[in-house]
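These protein sequence lines map, in sequence, to chains A and B.
FYI, in this note's numbering the residues of the first sequence are 1 to 327.
FYI, in this note's numbering the residues of the second sequence are 1001 to 1255.
For the record, the hints were derived by calculation from the structure and aren't laboratory data.
Built from N, CA and C at the ideal position, the CB exists for glycine as well.
Fair warning: there could be bad hints in the mix.
Okay, derived cross-link-like pairs now, DSBU-like style, lysine-lysine, Cα gap no bigger than 30 Å in a straight line [said to hold, decoys possible]: (1) A:K182 x B:K1017; (2) A:K69 x A:K185; (3) A:K128 x A:K182; (4) A:K183 x B:K1089; (5) A:K140 x B:K1048; (6) B:K1017 x A:K133; (7) B:K1022 x A:K98; (8) A:K140 x B:K1022; (9) B:K1089 x A:K128; (10) B:K1022 x A:K17; (11) B:K1089 x A:K185; (12) B:K1017 x A:K222; (13) B:K1089 x A:K98; (14) B:K1017 x A:K128; (15) A:K98 x B:K1017; (16) B:K1089 x A:K69; (17) B:K1022 x A:K133; (18) A:K14 x B:K1022; (19) A:K128 x B:K1048.
Taking beta-carbon pairs under 10 Å as the criterion, some of the chain A residues facing chain B (in silico) [stated by the list, open to error]: (20) L16; (21) L52; (22) A63; (23) F99; (24) Y102; (25) H151; (26) R154; (27) I163; (28) E262.
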Amino acid sequence: MPIIEVQNLSKQFKTLKAVDGISFSVNEGEVFGFLGPNGAGKTTTINILCTLLSPTGGSAEIAGYDCAKNPDEVRTAIGLIFQDTTLDAGLTAYENLKFHAYLYNLDRRLTERRIDEMLGVMELQSRKHDLIKTFSGGMKRRLEIARGLLHYPRVLFLDEPTIGLDPQTRNTIWDFIDTLRKKEKITVFMTTHYMEEAENCDRIAIIDHGRIIAEGTPARLKGTMQGDIIHLVTADNEVASEEVLESFNITARRENGGLLLETERGEEFIPKLIHALSVRTLSVSLKKPTLNDVFLRLTGRTIRDEGLQNGKEITREFVRSHRRAQR
Amino acid sequence: MIQVRPIYVICVREFIKFFREKSRLLGTLARPVLWLFVVGNGMNSLIKPHVGFSYLQFIFPGMIGMTILFSSIFSSISIVWDREFGFMKEMLVAPISRMSIVVGKAISGTFISVAQAVIILILTPFLGIHLTIMQFIEVVAVAVLVSFCITSLGILIAARLTSFDGFNIIMNFLVMPMLFLSGAMYPVTSMPPALRHLTQINPLTYGVDAFKHVLLRNATPPLGPEFSLSRDLFIVTAISIIMLTLAALSFRKKE
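Excised from the complex, chain A in its bound form (with noise of 0.2 Å):
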């Protein structure tokens, strides 16, 4: 039985329709991926789910209840892990859990023993009774995913949980989310544009311009992909794609100033290649497909990792420091 339901969803701003339609349903225990470059709608779903915005169109279930119609019950059996920092900086660990079993009406006897699990489980004990700004980023975000299971959520979501942190801390965290989502059986619903996280999800859902445009198991969707992706350079990529489908039928797309080919059996094409093309060849090279690829091949476009995360944190990070010299 799913526990996330999701029929025609969309969501209209001003004049931008951020979500389009979308459908999807995902089943209880399993780790379901959104995955799209930012401004795709994955956020705008995310925000619908756990009811912070109404929907213009369609209807969003969660454990069987409505997201519009009953907001609390949908919280309660929701944890969430934003994209920014959500913790008090002026509070200890101890005190933002805490106020989260509060808010939660979490019972009190079994607060206090939670708390001390969760904080087990992050590798946080040591750092109990410490103010979150001596915190590093990574920490911050173990934390805020004990914070996010605290009051035992039937589904965890997690909004592109990893950005912002360097590739060694991303792994750990998700080494944490793992244990934690066998240990206390929870579905989790994540948003990612790091493709190489996205391979760990047990179904993925392709989302851009606010329409799904591709899901399935990770297999299935590199199953689509013809076989191997061979990257060319030529002195004169023009000519060298026209000859491309001239003696192989293959239709070249162009990238990075060169030119993809997807073919089978890719390490035997090579020879044949490079024995056809008439323009001098400066580099080839084999890759087997990616969701990358993938996500390649249906938009036409990478997801890349835009610098607009990293400025916005400075932004904060400015500001930050600007208000605690005013005081």
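Starting from the structure of chain A, add chain B where the hints point.
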């Protein structure tokens, strides 16, 4: 609709942060202390009202009002910080009503303002102002109402402020005029009619007027209270309720 545990924990958070950030306590207390000790004493030698009390004593009710004004606005503006630093989201996605968040903020803001007003009262012996126990209790009672009113106003503003760019505008175009047009520093009865009307729509005018009732018992206008005490208290309470309801409504509104 209104849940006790969330309100309680929202208040506790504000108190913890208030006492942890010593600079904030110092900042809000420094202003009235400066006014009373420096400006008040300076002006004392210049202005001698012929009514049996000093300029310093005249501005004292106004300084209590000023302390509450700045403290309450600052407390409620914390909503804007919360939103900017993301913590507001933690509260907005929790299974609690918007009214609980607003009431929690209003109660904590009120407590913090009253606490600061009490600190000012404790300093009065150093100023040559002597209060009776009864006066002390009455000032605290009025302070609770006025603080609640100004905090509610602040929350309404904060609910509509989308970023802290608006904070300076609020300070310069609302908070400072509210102070200057409240009768806190000089009598407002002899002002030009246009300004007179502004003083009458200023909630702080009625708050300061109520403090004058308690602290300048025998004074008459223009230096003493202008309205009746019951009218002051009624207006302050009515404004509080209106502001708080509007604030909760603007919080409930989803995009």
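Hint-by-hint comparison with the structure:
no., hint, result
1, A:K182 x B:K1017, "violated (37 Å)"
2, A:K69 x A:K185, "holds (27 Å)"
3, A:K128 x A:K182, "holds (24 Å)"
4, A:K183 x B:K1089, "holds (27 Å)"
5, A:K140 x B:K1048, "violated (60 Å)"
6, B:K1017 x A:K133, "holds (13 Å)"
7, B:K1022 x A:K98, "holds (23 Å)"
8, A:K140 x B:K1022, "holds (25 Å)"
9, B:K1089 x A:K128, "holds (22 Å)"
10, B:K1022 x A:K17, "violated (47 Å)"
11, B:K1089 x A:K185, "holds (25 Å)"
12, B:K1017 x A:K222, "violated (51 Å)"
13, B:K1089 x A:K98, "holds (16 Å)"
14, B:K1017 x A:K128, "holds (17 Å)"
15, A:K98 x B:K1017, "holds (15 Å)"
16, B:K1089 x A:K69, "holds (20 Å)"
17, B:K1022 x A:K133, "holds (17 Å)"
18, A:K14 x B:K1022, "violated (44 Å)"
19, A:K128 x B:K1048, "violated (59 Å)"
20, L16, "violated (12 Å)"
21, L52, "holds (6 Å)"
22, A63, "violated (13 Å)"
23, F99, "holds (6 Å)"
24, Y102, "holds (4 Å)"
25, H151, "holds (9 Å)"
26, R154, "violated (14 Å)"
27, I163, "violated (13 Å)"
28, E262, "violated (42 Å)"
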